[in-house]
Amino acid sequence: MKKLILAAFLLAGAPALMTSMSSCSTTQSLGGNTFQTVEKVANVLATAKEISGVLGNTLGLNNNQQSSLTNVFSNYIGGTNGIASLAKTNLKSYTQKLTSLNKGALGKMSNILTVAQYAKLLGIGGKGASKTSLLSGLTGGSSLSSGATSVLSGLLLNSI
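Sequential numbering from 1 applies to the sequence shown in our numbering.
Errors might be hidden in some of the hints.
[What the hints assert, rightly or not] Here are the simulated lysine to any residue pairs, SDA-like style, with alpha carbons at most 25 Å apart:
id : residue 1 : residue 2
1  : 40        : 140
2  : 92        : 75
3  : 49        : 59
4  : 40        : 82
5  : 97        : 83
6  : 120       : 136
7  : 40        : 96
8  : 40        : 91
It is worth saying that the hints were derived from the structure and are not from the lab.
With the hints as constraints, model all of the structure from the sequences given.
So, in structure tokens, the structure goes:
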């Protein structure tokens with residue numbers, strides 16, 4: 001069953017929409033499809049706050065929403081840090097675990113954001129999004145650290 005779910009995800013074509021990224025988030029290939037890996041982040045809370053701040057400005061979040069997103073991103077970054085070594089040693093397992101982390105984080109975010117805010121989040125960067133279009137779709141996106149860019153790319157570009 002797990003293999004079927006992974007195959008469906010990979011065949012859905014979403015990862016094929018992505019372009020190569022800088023060293024902050026690398027494009028990997030598995031079965032002919034590409035996806036973004038997430039770099040290990042040293043300062044989890046600061047990076048989570050940085051991302052939440054930019055999304056707050058972009059999506060018009062209130063303080064409670066922004067605080068809740070900081071918690072979601074702290075947990076997400078902790079999860080991606082925990083699987084970072086698999087990107088080099090077991091790509092299939094890394095992809096499965098990252099997909100699970102992405103679904104969990106996006107599910108939590110959908111409960112925090114309004115329908116309009118969530119739709120806007122998923123549409124940032126447009127169809128066939130790349131790191132460049134993702135950052136240009138964010139208010140203040142060009143000022144994000146490489147770690148924050150990697151986290152957002154791994155979440156949003158692999159989930160489009």
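Consistency of the hints with the structure:
1. Only pairs whose Cα atoms come within 25 Å are accepted, and residue 40 paired with residue 140 is accepted, the gap being roughly 22 Å.
2. A distance of roughly 22 Å separates the Cα atoms of residue 92 and residue 75; the hinted pair therefore holds under the 25 Å criterion.
3. The suggested pairing of residue 49 with residue 59 holds, with an alpha-carbon distance near 15 Å, which does not exceed 25 Å.
4. At roughly 8 Å between alpha-carbon atoms, residue 40 and residue 82 fall within 25 Å of each other, so this suggested pair holds.
5. A distance of roughly 7 Å separates the Cα atoms of residue 97 and residue 83; the hinted pair therefore holds under the 25 Å criterion.
6. With a CA separation close to 14 Å, the supplied pair residue 120 and residue 136 stays within the 25 Å bound.
7. Our distance criterion of 25 Å between C-alpha atoms is met by residue 40 and residue 96, whose separation comes to about 17 Å.
8. Annotation: proposed proximity of residue 40 to residue 91 holds, straight-line Cα distance about 16 Å (limit 25 Å).
When each numbered hint is compared with the structure, no violation occurs for any of them.
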